[in-house]
Amino acid sequence: MVAGLIGKKVGMTQIFNEQGRVVPVTVIEAGPCYIVQKKESEKDGYNAVQIGFGKKERHMTKPELGHFKASAQGVFRRLKEFRVSEEELKSHTLGEEISVSIFTAGEKVKVTGRTKGRGFAGVMKRWNFSGGRSTHGSKFHRGTGSIGQCVNPGKVWKNKKMPGHYGNEQVTVKGLEIVRVSPEQNILMVKGAVPGAPGGLVYIKK
Amino acid sequence: MVKPAIQTIEQRQMRFDHYYIKPGDKIAVHTRIIEGEKQRIQIFKGDVIAIKNGRNNNRTTITVRKMTSGFGVEKIIPLHSPMLEKIELINRGMVRRGKLYYQRKRKGNSAKIKPKNIW
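Listed in order, the protein sequences are those of chains A and B.
Under the numbering used here, the first residue of the first sequence is numbered 1, with each subsequent residue one higher.
Under the numbering used here, the first residue of the second sequence is numbered 1, with each subsequent residue one higher.
Don't read these hints as lab results, they were simulated from the structure.
Treat the hints loosely; a few may be bogus.
[Said to hold, decoys possible] So the derived list for chain B, only partly shown, Cβ under 10 Å to chain A, looks like this: (1) Val-2; (2) Ala-5; (3) Thr-8; (4) Asn-56; (5) Thr-63; (6) Glu-74; (7) Pro-78; (8) Asn-91; (9) Gly-93.
[Said to hold, decoys possible] The calculated BS3-like cross-link candidates involving lysine-lysine, where the alpha carbons are at most 30 Å apart (straight line), are: (10) A:Lys-8 to A:Lys-206; (11) B:Lys-3 to A:Lys-125; (12) A:Lys-116 to B:Lys-86; (13) B:Lys-114 to B:Lys-86; (14) B:Lys-3 to A:Lys-116; (15) A:Lys-205 to B:Lys-3; (16) B:Lys-114 to A:Lys-174; (17) A:Lys-206 to B:Lys-114.
Computed from a prediction, not measured in an experiment: that's the story for all the values here.
Backbone N, C-alpha and C define an ideal beta-carbon position, used for all residues, glycine too.
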């Protein structure tokens, strides 16, 4: 069985579980994905399946279209490889559908997404510096503050927390619990937050 | 804007038996409580002083306040929780506000909400 899926983050809400307790969940619309390519160890050096998600029709070059020809499931926007063992690879066929039913409630998964881009951010937002007070004669508000000493060491230490680009990076959250799986709607509910904005691409891996 | 997929999830969890509750109501909340193997029902009687988190989703909560031996006790109750056995409406109150937080400052007789004379 393939151990992962490609999906789209829908948003967050809360549900009541069997014990009647409120659980915060992220709703992910995942799959159906289709096997586009099989990577074999003799040919490619490793065993994996490449799966596709999200239909795409326009703006495809001929070589790109050719890549999807063998699976005969149409053209996909997103591709992702998941490693499988050699025996597992044999059990899969090209064009095979993979849906959310590979997951069961209670299972722990890793979810990878791209965080919201914050642009060039100051130290308060980026590194949670506390900043200075706004009023009462204060001249230090949201600035960086001191970044080092004097002649000794005579330099700014490497990795000093400073302003800069923040967000828009790939982040993986491990150990998220699957709360509910509904194969009819292709919907997964994962306990807790998932990186990225609603509508963002996420990879769910066992 | 609420996304349709999330709306269906929320609506499937909603209960439609407590929609009539308003701020100022005196109510008795019957909550199922599981203690190990045993189950019992706890009754919390007080005034609804706030309804929060919107009314068209499963996140609605009510704040119920009562006085217990001179101390104010407030309980925030998820209105759509499956653990609620029932909510009894004792009487409606004469109130002019949606949030009755002024009740927290009041003591004794002035802390009483006048009942509405409808039945």
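Each hint tested on the structure:
no., hint, in the structure
1, Val-2, "holds (8 Å)"
2, Ala-5, "holds (5 Å)"
3, Thr-8, "holds (8 Å)"
4, Asn-56, "violated (13 Å)"
5, Thr-63, "violated (16 Å)"
6, Glu-74, "violated (18 Å)"
7, Pro-78, "holds (6 Å)"
8, Asn-91, "violated (28 Å)"
9, Gly-93, "violated (28 Å)"
10, A:Lys-8 to A:Lys-206, "holds (17 Å)"
11, B:Lys-3 to A:Lys-125, "holds (29 Å)"
12, A:Lys-116 to B:Lys-86, "violated (43 Å)"
13, B:Lys-114 to B:Lys-86, "holds (24 Å)"
14, B:Lys-3 to A:Lys-116, "holds (19 Å)"
15, A:Lys-205 to B:Lys-3, "holds (25 Å)"
16, B:Lys-114 to A:Lys-174, "violated (54 Å)"
17, A:Lys-206 to B:Lys-114, "violated (58 Å)"
Hint compliance for this structure: hints 4, 5, 6, 8, 9, 12, 16 and 17 are broken, all remaining hints hold.
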